[in-house]
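2 protein chains.
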Amino acid sequence: MLYSQLFSRTSKDIPSDETSKNAQLLIRAGYIHKEMAGVYSFLPLGYKVLQNIIHIIREEMDKIGGNEMLMSSLQDPSIWKKSNRWTDNKDVDAWFTTKLKNDTELGLGFTHEEDITNIASKFVKSYKNLPLLAYQFQNKFRNETRAKSGIMRTREFIMKDLYSFARDEEEHEILYNRVADAYKIIFKRLGIGDKTYKTFASGGVFSKYSHEYQTLCEAGEDEIYVCDRLGMAINKEVYNDEVLADLGVGKDELRVAPASEVGNIFSLGTRFSSALDLKYKNEKGEEKEVVMGSYGIGPARVMGIIAELISDDRGLIWPTEIAPYALYLVSLHKEKGDEVYNYSEEIYNVLRGSGVDVMWDDRESAAGEKLADADLIGIPVRVLVSTKTIEQGGVEIKERVASQTEIVTKEQFLKSWTEACN
Amino acid sequence: MLYSQLFSRTSKDIPSDETSKNAQLLIRAGYIHKEMAGVYSFLPLGYKVLQNIIHIIREEMDKIGGNEMLMSSLQDPSIWKKSNRWTDNKDVDAWFTTKLKNDTELGLGFTHEEDITNIASKFVKSYKNLPLLAYQFQNKFRNETRAKSGIMRTREFIMKDLYSFARDEEEHEILYNRVADAYKIIFKRLGIGDKTYKTFASGGVFSKYSHEYQTLCEAGEDEIYVCDRLGMAINKEVYNDEVLADLGVGKDELRVAPASEVGNIFSLGTRFSSALDLKYKNEKGEEKEVVMGSYGIGPARVMGIIAELISDDRGLIWPTEIAPYALYLVSLHKEKGDEVYNYSEEIYNVLRGSGVDVMWDDRESAAGEKLADADLIGIPVRVLVSTKTIEQGGVEIKERVASQTEIVTKEQFLKSWTEACN
Numbered sequence: 000m001l002y003s004q005l006f007s008r009t010s011k012d013i014p015s016d017e018t019s020k021n022a023q024l025l026i027r028a029g030y031i032h033k034e035m036a037g038v039y040s041f042l043p044l045g046y047k048v049l050q051n052i053i054h055i056i057r058e059e060m061d062k063i064g065g066n067e068m069l070m071s072s073l074q075d076p077s078i079w080k081k082s083n084r085w086t087d088n089k090d091v092d093a094w095f096t097t098k099l100k101n102d103t104e105l106g107l108g109f110t111h112e113e114d115i116t117n118i119a120s121k122f123v124k125s126y127k128n129l130p131l132l133a134y135q136f137q138n139k140f141r142n143e144t145r146a147k148s149g150i151m152r153t154r155e156f157i158m159k160d161l162y163s164f165a166r167d168e169e170e171h172e173i174l175y176n177r178v179a180d181a182y183k184i185i186f187k188r189l190g191i192g193d194k195t196y197k198t199f200a201s202g203g204v205f206s207k208y209s210h211e212y213q214t215l216c217e218a219g220e221d222e223i224y225v226c227d228r229l230g231m232a233i234n235k236e237v238y239n240d241e242v243l244a245d246l247g248v249g250k251d252e253l254r255v256a257p258a259s260e261v262g263n264i265f266s267l268g269t270r271f272s273s274a275l276d277l278k279y280k281n282e283k284g285e286e287k288e289v290v291m292g293s294y295g296i297g298p299a300r301v302m303g304i305i306a307e308l309i310s311d312d313r314g315l316i317w318p319t320e321i322a323p324y325a326l327y328l329v330s331l332h333k334e335k336g337d338e339v340y341n342y343s344e345e346i347y348n349v350l351r352g353s354g355v356d357v358m359w360d361d362r363e364s365a366a367g368e369k370l371a372d373a374d375l376i377g378i379p380v381r382v383l384v385s386t387k388t389i390e391q392g393g394v395e396i397k398e399r400v401a402s403q404t405e406i407v408t409k410e411q412f413l414k415s416w417t418e419a420c421n
Numbered sequence: 000m001l002y003s004q005l006f007s008r009t010s011k012d013i014p015s016d017e018t019s020k021n022a023q024l025l026i027r028a029g030y031i032h033k034e035m036a037g038v039y040s041f042l043p044l045g046y047k048v049l050q051n052i053i054h055i056i057r058e059e060m061d062k063i064g065g066n067e068m069l070m071s072s073l074q075d076p077s078i079w080k081k082s083n084r085w086t087d088n089k090d091v092d093a094w095f096t097t098k099l100k101n102d103t104e105l106g107l108g109f110t111h112e113e114d115i116t117n118i119a120s121k122f123v124k125s126y127k128n129l130p131l132l133a134y135q136f137q138n139k140f141r142n143e144t145r146a147k148s149g150i151m152r153t154r155e156f157i158m159k160d161l162y163s164f165a166r167d168e169e170e171h172e173i174l175y176n177r178v179a180d181a182y183k184i185i186f187k188r189l190g191i192g193d194k195t196y197k198t199f200a201s202g203g204v205f206s207k208y209s210h211e212y213q214t215l216c217e218a219g220e221d222e223i224y225v226c227d228r229l230g231m232a233i234n235k236e237v238y239n240d241e242v243l244a245d246l247g248v249g250k251d252e253l254r255v256a257p258a259s260e261v262g263n264i265f266s267l268g269t270r271f272s273s274a275l276d277l278k279y280k281n282e283k284g285e286e287k288e289v290v291m292g293s294y295g296i297g298p299a300r301v302m303g304i305i306a307e308l309i310s311d312d313r314g315l316i317w318p319t320e321i322a323p324y325a326l327y328l329v330s331l332h333k334e335k336g337d338e339v340y341n342y343s344e345e346i347y348n349v350l351r352g353s354g355v356d357v358m359w360d361d362r363e364s365a366a367g368e369k370l371a372d373a374d375l376i377g378i379p380v381r382v383l384v385s386t387k388t389i390e391q392g393g394v395e396i397k398e399r400v401a402s403q404t405e406i407v408t409k410e411q412f413l414k415s416w417t418e419a420c421n
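Here the protein sequences line up with chains A and B, keeping their order. Okay, so the first sequence: first residue is 0 according to numbering that gives the first Met the number 0, each after it adds one. Okay, so the second sequence: first residue is 0 according to numbering that gives the first Met the number 0, each after it adds one.
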């Protein structure tokens, strides 16, 4: 990608209407655009990061046998009334609603338990059809009274929601643990594994606890009690003597810290299958209700947390696997066609030809501006070409997280990058 | 993929509330689920087809320099009022609207010209920032009075919308033609190139004509006059003597046919840049308005048209590049672990290990049901394993479009498929 053909531009100004670090950095670096409070569009750089996060989650969901699908945003209230989650009953106030021309009221999905349970009831007839895992990356709408924390809590956001369907509690436990294992891998691959804790939170009708995945983060809205010995945590909302006894944890081995929820896993029991008539016939021909679970991760919230956690005064610092580009080429040329430009162009073409995901800042801007933008945008490795580096025999390499630089020959540099991609 | 782990099931019943062939076939084959009139969810098989179509479009948009991004569904009316497309003015009646808790009215985007023009105005300052191409695959909402034609006209649908930004009319023409060339390649790759015509349609304030891409299709809502000599068509709505003279076409060389619009390309001139203040400074430092274009393709409509056009009495017939799976393995085993099952399992494992995208119908169902499902689901190649094929020395291959079958040895079959994927 050539910077000159990029849709967005960086900005020096800190947006005055944003108090959160993630939104300030992501807007300044040209990753997101604020449409209104709690609603953001993803610009090309930001969309690449979002897609990289989605790609990691998708790979791990597929590995455990997830069926990817896509449900609608427009929701028919009649199926939500069956489970008492339509607003007539005031049980849920997250709905955005809209109307057809004939005045029929519809909802915009804030989650999809009811919808998928209803769909599953068309297909699941026999024990032979179970177990099943189905998931989607889909745009949720939540009518938050106050939107805050940048892209960490918004009114519209893509969510990965997986649903599990099991014959009984025992089979459900197997699926639940399988997803929990996948979540552990996902957060590790996303670069926040060491800061993310499986956290005991309040359950529901069908289970004493649910599990949240909480990432330690100053900007987080939750408080958790971390137990380093067991590598887990307890949400403040369920922190009491009974829970500590249940989990075999002493007060003195817990430390309290702010955290943000990046994922959650729920045992739903038969709450939705019962309400929406999702039954199957077992081997004896008896009708049984399906035991369900639901499992969420918000890719944009993860992106916001990474921007909060892994950044410095100069800008963003993306983990390699989710960076919008692998390499950021900066050429300090005076004009198109001069020695530095041509030297850089050759490098760019060789890298592109070998499939390296490289962004070239090909603008004729001041050196200081280009280097500041490189830091702000935060691609993991920067390679610099200038009259000086050419005199010194090649290019200057610098990792975004490091302060030292290294001069290597062009040949050496190209060899290491093109080999890595073959 | 194992059929036993697939979320959907086929159905023998023709859905009573669907008159369109595409919806009937896609629902029966387990590709889509009807949520309500004009709103469908994509089940795993259908989502794969949709993703394959999106993948082709994305590749071609990237090749011409498109920046992929993702704008929000929730839209702030204030920017739409600037171009007179908010419903207060009754200029547009496609809006679905909703409200924040504080009663602020919002719209659900039915297109994104205003939004992207507003975003671009933050970044485009100089002639050096142009030209630009930006696009998205995003969920559109249109409050259609009557929803019909299955997934060919819905109230909620993913659209690829590309927007071009040029310095002047001349540069705009270059971009416009570049997109037109890409569209030609896209429809060819989608398997409908020979039935799809670039069609002259009514223009707007800034151009005499716009271009639609119309695919000949009995279920289409439009009528077009096709000129085989020039390989183009004229929409009935602009069919008159003046247009014929403009295009140098005689009445006698045109044939009229029903067709469905799969894409469109519009020259927008400065309609939106003027309304939303998208200006740049040219080389002389003068302020100029950006010249824009917009370019749509509806992947789900394409999917519906393919289901209409390329199908037979037995079911769907997917073109290879968009089929949900490349190969459909049917084993007529009696039970798990018998000779036929094990023989099939070995084939399945070898294929999967080599990266072949294969679906194995591993159910213990009747042979007739399995073969009927294979035809209904419509994966391009079927490979059958039964006691008989094993006795004959291997497996039976049949293409979905062909009636003849062929017995080949297991080794020969595996060699040809695993080599093709390496």
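Hints are supplied without guarantee of correctness; some may be wrong.
The following label-pair restraints were derived from C-beta to C-beta distances [to be verified]:
#1 220/A - 337/B: 31 to 37 Å
#2 356/B - 230/A: 48 to 54 Å
#3 167/A - 13/B: 31 to 37 Å
#4 63/A - 177/B: 41 to 47 Å
#5 417/A - 349/B: 41 to 47 Å
#6 169/B - 335/A: 52 to 58 Å
#7 366/A - 278/B: 27 to 33 Å
#8 8/A - 320/B: 33 to 39 Å
#9 104/A - 177/B: 42 to 48 Å
#10 102/B - 63/A: 55 to 61 Å
#11 403/B - 167/A: 45 to 51 Å
#12 313/A - 398/B: 32 to 38 Å
#13 169/B - 8/A: 20 to 26 Å
Quick caveat, the hints were computed from the structure, so don't treat them as lab data. Idealized CB from N, CA, C, for every residue including glycine.
Quick rundown of the hints versus the structure:
no. : hint                      : in the structure
1   : 220/A - 337/B: 31 to 37 Å : 57 Å, violated
2   : 356/B - 230/A: 48 to 54 Å : 38 Å, violated
3   : 167/A - 13/B: 31 to 37 Å  : 35 Å, holds
4   : 63/A - 177/B: 41 to 47 Å  : 42 Å, holds
5   : 417/A - 349/B: 41 to 47 Å : 32 Å, violated
6   : 169/B - 335/A: 52 to 58 Å : 21 Å, violated
7   : 366/A - 278/B: 27 to 33 Å : 29 Å, holds
8   : 8/A - 320/B: 33 to 39 Å   : 37 Å, holds
9   : 104/A - 177/B: 42 to 48 Å : 44 Å, holds
10  : 102/B - 63/A: 55 to 61 Å  : 44 Å, violated
11  : 403/B - 167/A: 45 to 51 Å : 48 Å, holds
12  : 313/A - 398/B: 32 to 38 Å : 59 Å, violated
13  : 169/B - 8/A: 20 to 26 Å   : 25 Å, holds
Of the numbered hints given earlier, the model fails hints 1, 2, 5, 6, 10, 12; all others are met.
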